[in-house]
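So the protein lines, in turn, are chains A and B. Those letters in the first sequence? Residues 1 to 248, per our numbering, in order. Those letters in the second sequence? Residues 249 to 537, per our numbering, in order.
Source of the hints: derived by calculation from the structure; they are not laboratory data. Everything numeric in this text was worked out from a predicted model, so none of it was measured. A virtual CB, placed ideally from N, CA and C, is assigned to each residue, including glycine. One or more hints might be untrue.
What the hints assert, rightly or not - Computed cross-link-like contacts, DSSO-like style, restricted to lysine-lysine with a CA-CA straight-line distance of at most 27 Å:
| id | chain 1 | residue 1 | chain 2 | residue 2 |
| --- | --- | --- | --- | --- |
| 1 | B | Lys407 | A | Lys138 |
| 2 | A | Lys138 | A | Lys55 |
| 3 | A | Lys25 | A | Lys138 |
| 4 | A | Lys57 | A | Lys89 |
| 5 | A | Lys197 | A | Lys138 |
| 6 | A | Lys197 | B | Lys407 |
| 7 | A | Lys83 | B | Lys522 |
| 8 | B | Lys407 | A | Lys89 |
| 9 | A | Lys167 | B | Lys407 |
| 10 | A | Lys167 | A | Lys138 |
| 11 | A | Lys56 | A | Lys124 |
| 12 | A | Lys83 | A | Lys25 |
| 13 | A | Lys124 | A | Lys197 |
| 14 | A | Lys124 | B | Lys407 |
| 15 | A | Lys55 | A | Lys77 |
| 16 | A | Lys124 | A | Lys138 |
| 17 | A | Lys125 | A | Lys89 |
| 18 | B | Lys407 | A | Lys125 |
| 19 | A | Lys167 | A | Lys197 |
| 20 | A | Lys83 | A | Lys56 |
To be verified - A few chain B residues facing chain A, derived, Cβ under 8 Å:
| id | residue |
| --- | --- |
| 21 | Arg413 |
| 22 | Leu425 |
| 23 | Asp428 |
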Amino acid sequence: MLEAFDLMVFYENMIALNNVSLTCKEGSIVGIFGSNSAGKSTLMYTLSGIILDIKKKEEMKGGERITVFGRINFDGKDVTHLKPHERAKIGIVLCPERRRIFPESSVMENLKIGSYLTSGHETKKNLEYVLDLFPRLKDHLHRQGGFLSGGEQQMLAIGRALMANPKILLLDEPLLGLSPAYQEIVIRGTEEIRRSKGISIIITEQYARPVIPIIDFGYILENGSSVLSGTREELMDNPDVKSAYFGV
Amino acid sequence: MEILVYGIINSVILSMVALGFTLVYSISRLPNFAHGALYVTAGFTTWLFLNRIGHMPYPVAIILSIFITGAMGALIYRFILIRIRGMEISEIISTYAIGLALLEGLRWGGLRGMTFTLPPFIEGSFQIFGVNVDYQRLIIVCCGVVVFLFLYFFTHFTKIGLALRGIAQDERAAMMLGIDSDMTAIISLAIGSGLAGFAAILLLPLGNIIVEAGYNVLIFAIAVCVIGGLGSWGGTIAASFIIGFAQILTEAFLSTHYQMVVALLAIIVTLLIKPSGIFGKQKELEERV
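Just chain A, same shape as in the assembly:
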């Protein structure tokens, strides 16, 4: 479904992604693990096209020179040069790191802004689905997004991304700074999204343990390169992975 070939991203002369190729099959959950600065967020920005916007803004400001190589296919079509909003239209939706909800809008408005691409009946259905998935949001529908706790904000961010009717959902560090209880809710929710809607999901995380039970396939990033990949079982059995990402 989503295939990326030989992605390379440079910030000036620093290499952020080095020949990363990845595949996400329809209806599967792919995990991407790596420490800080391994290139997880850059990979997500590249897949969602945000990197093109960052590149353009930097060029305008005369700031950092960003170079992107590689090819991205989605549903058999080449999407490498599509802008972020065009990618969202065909179904690639990113739920960004640190949530980035709209702080001055209420929860309901956040979800409504998320439904920009859908209309009428579909919006209503999606809204019901999101509120069923994360019932906790129902209690705060009219509260400003900025006043929610981190876990609630994360639920809202995922819900908002779902309102855009994605075919593939990119979750960038959804567990960042969450308590174990909320981590559980988010992980359960992620699994539920795949099960009930058949949406493919790519999820990145520093620490593999909470995520590994739900993934079908995983990649390990180190310094911008994909050093290891395999199915869930293969990753779990690998001694290096165990010591580095499971804390065993």
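Based on these hints, arrange chain B on the given structure of chain A.
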């Protein structure tokens, strides 16, 4: 009493003038320095439609002019600003240059002297709390309130309005949801310029259509925005009331030509005491970090 009534009227006038500028800045972070020029252009096209081209009825001329200024705003973005967006200095220079070209072009084209006036919507005046107020000023206040309400409902209950607010709060997060930031910038410039045109048609019947009004309007709009906090709607309204009343007070106790001094002084004082403006909370936080 006179101070109160005219203070309110003057404040509403100021906020009408500044609203379009704030709207564009808050949504697309573009300083539209052609605001004043679009204001005068709207007045001039209305005058043309009334007296030269077609002798249209007043309402038709008004709607057509607002539409034309809105379209001009959209075209300015589509053909000029889109190439330089992100380079702040160039944004300011180019919009200001467009404004200059428009205004001086109008002057060159014959917009001089006292012959260019728009008639008030309804002649005559009435008494309120013992103060004489003409109907045009009453209409301005009413239209101001209607515009505020309209914008509130537009940005809270329509899909495009919500998308605009999304882009205003976090451009990239909104892009990820499929909102096109060029599209929202075009819409915001169209609405902002349309508002400039609307303000012109409401306010110009109070005086003559003169090129200098374009510069004054721009200065007042910037004064209100700087004091209220750039891009803050509540701030814009609060600041228009502060400057509006300050102007009327100086007018009552000193003399009329202190109006501009008050506005400029207010900018300086704000920049010295609280550079982010009264309601510029977010930016203040960023500045501290």
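Comparing the hints with the structure gives:
1. With a C-alpha separation of about 21 Å, the suggested pairing of Lys407(B) with Lys138(A) holds against the 27 Å cut-off.
2. Only pairs whose Cα atoms come within 27 Å are accepted, and Lys138(A) paired with Lys55(A) is rejected, the gap being roughly 38 Å.
3. A C-alpha spacing of about 33 Å is found between Lys25(A) and Lys138(A), which places the hinted pair above 27 Å, so the restraint is violated.
4. The suggested pairing of Lys57(A) with Lys89(A) holds, with an alpha-carbon distance near 22 Å, which does not exceed 27 Å.
5. A hinted pair counts as satisfied when its Cα atoms are at most 27 Å apart, and Lys197(A) with Lys138(A) qualifies at roughly 21 Å.
6. Between Lys197(A) and Lys407(B) the alpha-carbon distance is near 25 Å, which keeps this suggested pair within the 27 Å criterion.
7. A C-alpha spacing of about 38 Å is found between Lys83(A) and Lys522(B), which places the hinted pair above 27 Å, so the restraint is violated.
8. Our distance criterion of 27 Å between C-alpha atoms is met by Lys407(B) and Lys89(A), whose separation comes to about 16 Å.
9. With a C-alpha separation of about 22 Å, the suggested pairing of Lys167(A) with Lys407(B) holds against the 27 Å cut-off.
10. Between Lys167(A) and Lys138(A) the CA atoms are separated by roughly 25 Å; this keeps the pair inside 27 Å, and the hint holds.
11. About 36 Å separates the Cα atoms of Lys56(A) and Lys124(A), which puts this hinted pair outside 27 Å; it is violated.
12. With a C-alpha separation of about 23 Å, the suggested pair Lys83(A) and Lys25(A) falls inside the 27 Å cut-off, and the hint holds.
13. Restraint check for Lys124(A) and Lys197(A): satisfied, since their Cα atoms lie roughly 16 Å apart, inside the 27 Å limit.
14. Only pairs whose Cα atoms come within 27 Å are accepted, and Lys124(A) paired with Lys407(B) is accepted, the gap being roughly 14 Å.
15. Of the supplied pair hints, the one linking Lys55(A) and Lys77(A) holds, its CA atoms being roughly 23 Å apart against a limit of 27 Å.
16. This hinted pair checks out: Lys124(A) and Lys138(A) have alpha carbons roughly 14 Å apart, not beyond 27 Å.
17. Between the alpha carbons of Lys125(A) and Lys89(A) the distance comes to roughly 18 Å, so the proposed pair stays at or under 27 Å and holds.
18. Restraint check: the Cα-Cα separation between Lys407(B) and Lys125(A) comes to about 17 Å, which is no more than 27 Å; the hinted pair holds.
19. The hinted pair formed by Lys167(A) and Lys197(A) meets the criterion: a straight-line CA distance of about 9 Å does not exceed 27 Å.
20. Restraint check for Lys83(A) and Lys56(A): the C-alpha separation of about 11 Å stays at or below 27 Å, so the hint holds.
21. This hint holds: Arg413(B) has a C-beta 6 Å from the nearest C-beta of chain A, less than the 8 Å allowed.
22. Because the beta carbon of Leu425(B) sits about 5 Å from the nearest beta carbon in chain A, less than 8 Å, this interface hint is met.
23. The beta carbon of Asp428(B) is positioned within 8 Å of a beta carbon in chain A (closest approach about 5 Å), and the interface hint is therefore held.
Hints 2, 3, 7, 11, counting from the list given before, are not met by this structure.
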